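Engineer: Please construct the entire structure, taking both the sequences and the accompanying hints into account.
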Amino acid sequence: MMEITCKMVRRELSNYIEDDVTPELRARIERHVDNCPGCRAVYDGVHNVLRLVGGGEVLDLPAGFSRRLLERIRAASLSN
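For the sequence shown, the numbering used here begins at 48 and goes up steadily by one.
Check before you lean on any hint, since a few could be wrong.
Here are the computed distance ranges between Cβ atoms for each label pair [said to hold, decoys possible]:
(1) P70 <-> D107: 34 to 44 Å
(2) L72 <-> A123: 16 to 26 Å
(3) F112 <-> E71: 17 to 27 Å
It should be emphasised that the hints constitute simulated quantities derived from the structure, not laboratory data. Here the structure is a predicted model, which means the values were calculated and not measured. From the three backbone atoms N, C-alpha and C, an ideal C-beta is built for every residue, glycine too.
Structural biologist: Here's what the structure looks like:
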């Protein structure tokens, strides 16, 4: 079974969370996320956001949060 890259994991993350991937891809993503701290952090963050949004609660984010988050995602994407 071919290994999956961080870039591929991040591209498929929302499909994975929504259970819209093949069993083979699911296994590859799970194995990668279990062994990659960066992708694990991205997964945890996306999962938490979806849980919060799905809960119907509205949270006020600190000033500059969106900009800092985008900068971190871009930096992480460039390093992988």
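Engineer: Okay, L72 versus A123 on CB: inside 16 to 26 Å?
Structural biologist: holds (21 Å)
Engineer: For P70 and D107, compare the CB-CB distance with the range 34 to 44 Å and indicate the outcome.
Structural biologist: holds (40 Å)
Engineer: I want to verify a distance hint. Is the separation of the beta carbons of F112 and E71 within 17 to 27 Å?
Structural biologist: At roughly 36 Å between Cβ atoms, E71 and F112 fall outside 17 to 27 Å, so the hint is violated.
Figure legend: structure checked against the earlier numbered hints; the only hint not met is number 3.
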